[in-house]
Amino acid sequence: MANPFAKAKGTYDLVQKARKIQKELKGTEIEATSADGSITVVFNGEQRMVDIQIDESWLQPDKKRELEKAILNVVGQAISKAQAVAAEQMKKVAGDLNLPPGLGF
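Sequential numbering from 18 applies to the sequence shown in my numbering.
Hint data in this document are derived by calculation from the structure and do not stem from the laboratory. Be a bit skeptical, because a hint or two may be false.
List of simulated lysine-lysine pairs, BS3-like, C-alpha gap at most 27 Å [to be verified]: (1) Lys43 to Lys109; (2) Lys108 to Lys81; (3) Lys98 to Lys24; (4) Lys108 to Lys40; (5) Lys34 to Lys109; (6) Lys98 to Lys40; (7) Lys24 to Lys37; (8) Lys98 to Lys43; (9) Lys34 to Lys98; (10) Lys34 to Lys108; (11) Lys37 to Lys109; (12) Lys98 to Lys108; (13) Lys98 to Lys81.
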């Protein structure tokens with residue numbers, strides 16, 4: 018007879034792995050920089066911006082709209098990178114679930 022607690026232990030182990038990955042993601046930093054190197058943003062693995070650096074050359078009133086567009090572009094890049102890192106980490110947990118292919122992982 019199969020151990021009735023084996024499934025519960027397996028679930029517990031998966032939850033522990035997911036928590037560990039979440040903690041690792043929080044400590045992971047993903048950086049994106051504009052093509053000219055004048056704007057850098059840093060996100061953590063939870064997709065929260067933790068830093069932004071803007072070259073002083075942008076700090077002129079006539080460059081306001083151009084700066085806004087550049088920031089949006091770099092932030093979008095960083096979010097995409099952060100999502101890719103998180104998805105890769107979650108694949109590790111999903112692999113332990115033995116899910117059928119095509120469930121979004």
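Hint check results:
1. Simply put, Lys43 and Lys109 have alpha-carbon atoms about 16 Å apart, close enough for the 27 Å limit, and the pair holds.
2. Between Lys108 and Lys81, the direct Cα distance comes to roughly 41 Å. Violation of the 27 Å bound is thereby established for this hinted pair.
3. Of the supplied pair hints, the one linking Lys98 and Lys24 is violated, its CA atoms being roughly 35 Å apart against a limit of 27 Å.
4. Using a Cα cut-off of 27 Å, the hinted pair Lys108 and Lys40 holds, with the two alpha carbons roughly 16 Å apart.
5. In summary, the hint linking Lys34 to Lys109 is supported, as the alpha carbons are separated by about 9 Å, within the 27 Å threshold.
6. At most 27 Å may separate the alpha-carbon atoms for a hinted pair to count; Lys98 and Lys40 meet this at roughly 18 Å.
7. Between Lys24 and Lys37 the alpha-carbon distance is near 20 Å, which keeps this suggested pair within the 27 Å criterion.
8. For the suggested pair Lys98 and Lys43, the alpha carbons sit about 14 Å apart, so the restraint of at most 27 Å is met.
9. Between Lys34 and Lys98 the CA atoms are separated by roughly 22 Å; this keeps the pair inside 27 Å, and the hint holds.
10. Of the pairs offered as hints, the one joining Lys34 and Lys108 holds, with about 11 Å between alpha carbons and a cut-off of 27 Å not exceeded.
11. Simply put, Lys37 and Lys109 have alpha-carbon atoms about 11 Å apart, close enough for the 27 Å limit, and the pair holds.
12. About 16 Å separates the Cα atoms of Lys98 and Lys108, which keeps this hinted pair within 27 Å; it holds.
13. Proposed proximity of Lys98 and Lys81 is supported: the alpha carbons are some 26 Å apart, at most 27 Å.
Of the numbered hints stated above, those contradicted by the structure are hints 2, 3, listed in ascending order.
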